[in-house]
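Chains as they are written, first to last, in our numbering: chain G, 1 to 245; chain L, 1 to 267; chain D, 1 to 663.
Since the hints were made in silico from the structure, they are not lab data.
Treat the hints loosely; a few may be bogus.
[Stated by the list, open to error] Once the Cα atoms are required to be at most 20 Å apart in a straight line, the calculated DMTMM-like pairs of lysine to aspartate or glutamate come out as:
{"#": "1", "chain 1": "D", "residue 1": "K170", "chain 2": "G", "residue 2": "E150"}
{"#": "2", "chain 1": "D", "residue 1": "K2", "chain 2": "D", "residue 2": "D198"}
{"#": "3", "chain 1": "L", "residue 1": "K203", "chain 2": "D", "residue 2": "E347"}
{"#": "4", "chain 1": "D", "residue 1": "K112", "chain 2": "G", "residue 2": "D22"}
{"#": "5", "chain 1": "D", "residue 1": "K652", "chain 2": "D", "residue 2": "E131"}
{"#": "6", "chain 1": "L", "residue 1": "K211", "chain 2": "G", "residue 2": "E232"}
{"#": "7", "chain 1": "L", "residue 1": "K124", "chain 2": "G", "residue 2": "D222"}
{"#": "8", "chain 1": "L", "residue 1": "K210", "chain 2": "G", "residue 2": "D222"}
{"#": "9", "chain 1": "L", "residue 1": "K200", "chain 2": "G", "residue 2": "E203"}
{"#": "10", "chain 1": "D", "residue 1": "K112", "chain 2": "D", "residue 2": "D84"}
{"#": "11", "chain 1": "D", "residue 1": "K654", "chain 2": "G", "residue 2": "D146"}
{"#": "12", "chain 1": "L", "residue 1": "K203", "chain 2": "L", "residue 2": "E121"}
{"#": "13", "chain 1": "L", "residue 1": "K203", "chain 2": "G", "residue 2": "D22"}
{"#": "14", "chain 1": "D", "residue 1": "K654", "chain 2": "G", "residue 2": "E203"}
{"#": "15", "chain 1": "D", "residue 1": "K112", "chain 2": "G", "residue 2": "D135"}
{"#": "16", "chain 1": "D", "residue 1": "K516", "chain 2": "G", "residue 2": "D22"}
{"#": "17", "chain 1": "G", "residue 1": "K142", "chain 2": "D", "residue 2": "E339"}
{"#": "18", "chain 1": "D", "residue 1": "K340", "chain 2": "G", "residue 2": "D149"}
{"#": "19", "chain 1": "G", "residue 1": "K48", "chain 2": "D", "residue 2": "D67"}
{"#": "20", "chain 1": "D", "residue 1": "K59", "chain 2": "G", "residue 2": "D144"}
{"#": "21", "chain 1": "D", "residue 1": "K170", "chain 2": "G", "residue 2": "E203"}
{"#": "22", "chain 1": "L", "residue 1": "K213", "chain 2": "G", "residue 2": "D135"}
{"#": "23", "chain 1": "G", "residue 1": "K48", "chain 2": "D", "residue 2": "E347"}
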Amino acid sequence: MSNTIKKGRELTFSILKYNPRDPASKPAFVEYTLTETPGMTLFIALNKIRDTLDADLSFDFVCRAGICGSCGMVINGKPLLACRTLTADYPDGKIQIMPMPAFELIKDLSVNTGKWMEAMSKRVESWIHSNEKHDITALEEKIDPDLADETFELDRCIECGLCITSCGTALMRPNFVGPAGLNRVARFQMDPHDKRTDADFYELIGDDDGIFGCMSLLACEDHCPKHLPLQEKIAYMRRKLVAQR
Amino acid sequence: MRSLIEGYLGVTEEGRKSRLPAKLDWWQSATGLFLGLFMWGHMLFVSTILVSKDFMYTVTKMFEGSFIFGDAHSKPILVSITVFIVFVIFIVHAGLALRKFPSNYKQYSIMKTHTAALKHEDTKLWFIQAYTGFAMFFLGSVHLYVIMTSADKIGPYGSADRMVSDWMWPLYILLLLAVELHGSIGLYRLSVKWGWFDGKDAKATRKKLKKAKWAVTVFFLVLGFATLAAYIKIGLEHKANYGERYHPGTSQSLNQTTTYAIQGVLS
Amino acid sequence: MKITYCDALVIGGGLAGLRAAVATQSRGFNTIVLSLVPVKRSHSAAAQGGMQASLGNAKMSQGDNEDVHFMDTVKGSDWGCDQDVARMFVNTAPKAIRELAGWGVPWTRVRKGPHEAVINTELTTIMEDDEAHGLITSRDFGGTKKWRTCYTADATGHTMLFGVANTAMKHEVDIRDRKEVLSLIHENGVCHGAVVRDLITGALEGYVSKGTLIATGGYGRLYQTTTNAVICEGTGQAAALETGVATLGNMEAVQFHPTPIVPSGILLTEGCRGDGGVLRDVDGYRFMPDYEPEKKDLASRDVVSRRMMEHIRNGKGVPSDFGDHLWLDISILGREHIEKNLRDVQEISMQFNGIDPADEGAAGWMPVRPAQHYSMGGIRTKKTGESQTLSGLFSCGEAACWDMHGFNRLGGNSVSETVVAGMIVGNYFADYCDEHELTIDTKAVHDAIQKQADYIDEILARSEGEDIFPIKKRMQKIMDDEVGIFRNGEGLQSAVDELQELLVRSKNAVVKSKTKAGNPELEEAYRVPRMLKLALCVAYGGLLRTESRGAHYREDYLKRDDASWLKRTLTAWPDDNATLPEVSYEELDITKMEIPPAFRGYGAKGMTIEHELSIKRQDEVDAIREKLEAEGKDRYEIQEALMHYELPLNYKEKNERLGVGHE
Ligand SMILES: Cc1cc2nc3c(=O)[nH]c(=O)nc-3n(C[C@H](O)[C@H](O)[C@H](O)COP(=O)(O)OP(=O)(O)OC[C@H]3O[C@@H](n4cnc5c(N)ncnc54)[C@H](O)[C@@H]3O)c2cc1C
Ligand code: HEM
Ligand code: HEM
Ligand code: SF4
Ligand code: F3S
Ligand code: FES
């Protein structure tokens, strides 16, 4: 194991606690100290805090493997997937954790990314549009292997919301469809199964809440844990849609 | 009827979404690109003073149409017209860019907190761009108005006098900083916004563009300040002769003036 | 009290639940899906390796068909599966994958011309046919004769789940997340919906429906080390169990995966070995061929997991802070292959262990050790997916024991099952909603909700008692230690004893914060007793089953005992205050099997106590086959003569294949 952590270091966590549904609750940073163990991730650390120090601390994890997109948090200012964040990455042992802005706060570190993503998916009609009925007993439609790979690249978005939280535009303007939404449109634009034309996509995102609202801050590109080519695809969609007559 | 429907509903008469947002975005970039590239030319032009007064004079005259009308009958009005056109583009660009500004305090406060917390270079750059853009509303307008209305004064002495004796130098320092930061960031942003140089590896390209962007910023800032220094120097020297026009080949008189000026100061 | 009415209530928004919801909604039934988490975060998203479907497009899968897939599945199950169900499954799987392609799942496609693959550590060049270019390709997976596992790089479950969830959205299925089902509403042996807790507000609500379907996934979190997500706590199965009416099947059948990474337990897909990766020991030696000369590293999961543990017990493990482990070596596949097809694996390994598996030699080896992975057991259903004992309650996916996996499921057969069962069971479920009207006494609904409300109030009212977290931890430790890969009577007995004790203690847990909204400790306090009941079903079922079959491996009963154990374990919990389930058994009928019990083709030979009927049935099968073949009948006719099965819609139609048409 190449984890080079000194055993037994004391870590100080400063975590924002707030329950907006409890009138008595006031937002405040609460401090916890924990002894570091080898290979400790924030998934392990937060669970340890809940198991031993504060049973009332709320946060979301599902896969704890960086696959499901549940655990986006703002850690020392950076939006990250908590389950993939090692405590060893913080040499001074001080870790501040906040819930992601841009999303409805449920409690403490738990935010409602699901709700946001569902609204976004419905808004960009994130499904295949086609009138062709394919017979499922017959051979599948042939798809160029490269095109399939490219579509897959864009389909890898896990709806974690880190890009939304990093994007100043999305924070400033809650109606902005966001980088994940723009990527989603690019994904279906790419997919040969989807018969929508660029004019159809223009109807969905051809305004200042859509593609023309993006100010090219590129924080999305720099914080996406799946390394999606957001910069490239947003530019691509912009070129496509600005060319619409 | 068309505009009434589209204006209120954001939908064209064919029932499609208005194409206007696309056009506005395009025009914002087009005006930005024009201004950005124009400023490269502009900075090279004013910096001709670093070569020599004669050279600066010749180039100025050229812009006034000396190659057609001859040096003596050049027409400064041509410059005024050019400035007017640039002014219009400048205003259009500023108007379009306004769409991107925080539109209330809450938005501003979110953006400011976010920029400080995230420590993300491109986000910071945008903030700088917004700030400098805002500053240029005023700084740029003053400069353009002045140049437009007294284009005839442009020249080695006229410009220098304007800087020193007309107290334009503080404005120019600020404007220079603003426009160089704003312009180079803007051109970088344009490239990534439209994916012009993406090529095979957009991420690698972006890194290179970022380097180029900083190189351009530094280059033009150094050039600009050197130019500014040169004009200030001339302006100081020429203070006593405020209003005098430059005549090529007459640097002799300048030397004399300088001597007088210095003597004046010393005595 | 908030009560919502609908036609079809689907509990669980993983692949199985969502596909079933599409089936009911598209037939015009107002369908609601409930899920603990936003549905796209369901554990289905974690499936990396792939989905089995016998398309036979790629070179190495040519000649594949339903018959071969069926054979692999039955052998894989160690003859524990329901062969009718397995047949239904293999015939529908190709249709399922083709449907998904149309829904936008970007399956990796065949590329014509030569490509390199590592087979048996040898770099081999494979020529793909021109005609196959652009069709769905497949890779090798454990326990299969052909390369049958279709995939999208190594994010198969993710892309499938998004494809199905998007389609559900398109059909306007009403999806509600952060809703937890606490119990089922039932009366006179009929299920009418569920009592649900809103995980944001803490409010209790009733959902009343014509039919209810549970697709809540597996119960891996009964164990300490598991590849499963933290939400895989089996609360769906527990809700069914607590009706006292519905039964659970084969709960002791729990699969352990050979290659989760140490220490986090995060899975490294079987695709690693499928693509040519190998296991190595402390000396860097590739040991699997010594144990399994034929299938080597790719024998079925139960076998590989046990061999690994055996090898570690033989002193060949690599010692570490987290116990002994072995190495998984994929560096031999080359950087390019890894960065394209096993990228998630590379990311996990780099992120969690700081190892780049593409680095050559020992530097790139990843530490692995078997851990809990899949729950073959679940809510026991008929072939239609309906509970055998509680009508109106359906179940599919990992939550169910429809029983196509028996005692061991093959890699890639699970996500495949989820969508196939979603199609088939979803359709029978729609039929049920069609044929039944909603008639329930509102008092029954009210009582059911009140019961849960009282229960929660009671927990919150306790001021003295135990902390719930250590109880849960202890349960998980017991399950790992005594009900794991190797089991024996003594260990199982002690597990059963202590789990009973924990169950009693858990009912006395105290919660520090008294709020109802967003109170994670409260959630633990009501979940853990339910989990303990399931754990008892697993441990007790395992204790009683005195044989070794598939993943259930008894060191004190090493043989598969067809003579006395060719049967399914059924557990029920009729008495709320009991600390043990009621256990009964359901015989498997050899005389109706298409493939009577025999040697699996891997694992040790001569380890079976034969059933007298096995040979008799084999002779019968051989005779029928010989006769029909002589008459020139095709494989479908022969199959029909051996074992008739039914499927709804056009699912029984023949599947077209490249080069052979509908042959
Ligand atoms: C790491 C990993 C890798 C795997 N790789 C493969 C593979 O390559 N190939 C393969 O075939 N199989 C694979 N599997 C197995 C396969 O992924 C699962 O068996 C399958 O996805 C289960 O799907 P499901 O729809 O039944 O349940 P899940 O996807 O687990 O969904 C369960 C749903 O139920 C909801 N739920 C649970 N409890 C409640 C409750 N009380 N109230 C309300 N909602 C509830 C959850 O929110 C969730 O939406 C893998 C499994 C793991 C763990
Ligand atoms: C009143 C003066 C100005 C204001 C208020 C202003 C404002 C802005 C703002 C806010 C942006 C960012 C737009 C976005 O985020 O999409 C921008 C972009 C830009 N500006 Fe300006 N600006 C002004 C003058 C100038 C000048 C003088 C130049 C020339 C150097 C210039 C060049 C650019 C360029 C190249 C861009 C990028 C265009 C784009 O992103 O589409 N601007 N401007
Ligand atoms: C056609 C339009 C323009 C003309 C003809 C013009 C002309 C000039 C001239 C002659 C000078 C020298 C100083 C002086 O005479 O006062 C000058 C300096 C300057 N101008 Fe402009 N200008 C134009 C547009 C702009 C614009 C749009 C900007 C930016 C918003 C700008 C920014 C500056 C700056 C920063 C300086 C100081 C230069 C330095 O220090 O090197 N100018 N301009
Ligand atoms: S685009 Fe990237 S950062 Fe944004 S939601 Fe998807 S995976 Fe997360
Ligand atoms: S950060 Fe936001 S502004 Fe555009 S480039 Fe990304 S969406
Ligand atoms: S818990 Fe799934 S990404 Fe972190």
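Hints, one by one, checked against the model:
no.: 1; hint: K170/D - E150/G; verdict: violated, 23 Å
no.: 2; hint: K2/D - D198/D; verdict: holds, 11 Å
no.: 3; hint: K203/L - E347/D; verdict: holds, 19 Å
no.: 4; hint: K112/D - D22/G; verdict: violated, 62 Å
no.: 5; hint: K652/D - E131/D; verdict: violated, 26 Å
no.: 6; hint: K211/L - E232/G; verdict: holds, 19 Å
no.: 7; hint: K124/L - D222/G; verdict: holds, 14 Å
no.: 8; hint: K210/L - D222/G; verdict: holds, 14 Å
no.: 9; hint: K200/L - E203/G; verdict: violated, 30 Å
no.: 10; hint: K112/D - D84/D; verdict: violated, 37 Å
no.: 11; hint: K654/D - D146/G; verdict: violated, 30 Å
no.: 12; hint: K203/L - E121/L; verdict: holds, 15 Å
no.: 13; hint: K203/L - D22/G; verdict: violated, 45 Å
no.: 14; hint: K654/D - E203/G; verdict: violated, 42 Å
no.: 15; hint: K112/D - D135/G; verdict: violated, 25 Å
no.: 16; hint: K516/D - D22/G; verdict: holds, 10 Å
no.: 17; hint: K142/G - E339/D; verdict: violated, 25 Å
no.: 18; hint: K340/D - D149/G; verdict: holds, 10 Å
no.: 19; hint: K48/G - D67/D; verdict: violated, 50 Å
no.: 20; hint: K59/D - D144/G; verdict: holds, 18 Å
no.: 21; hint: K170/D - E203/G; verdict: holds, 18 Å
no.: 22; hint: K213/L - D135/G; verdict: violated, 54 Å
no.: 23; hint: K48/G - E347/D; verdict: violated, 25 Å
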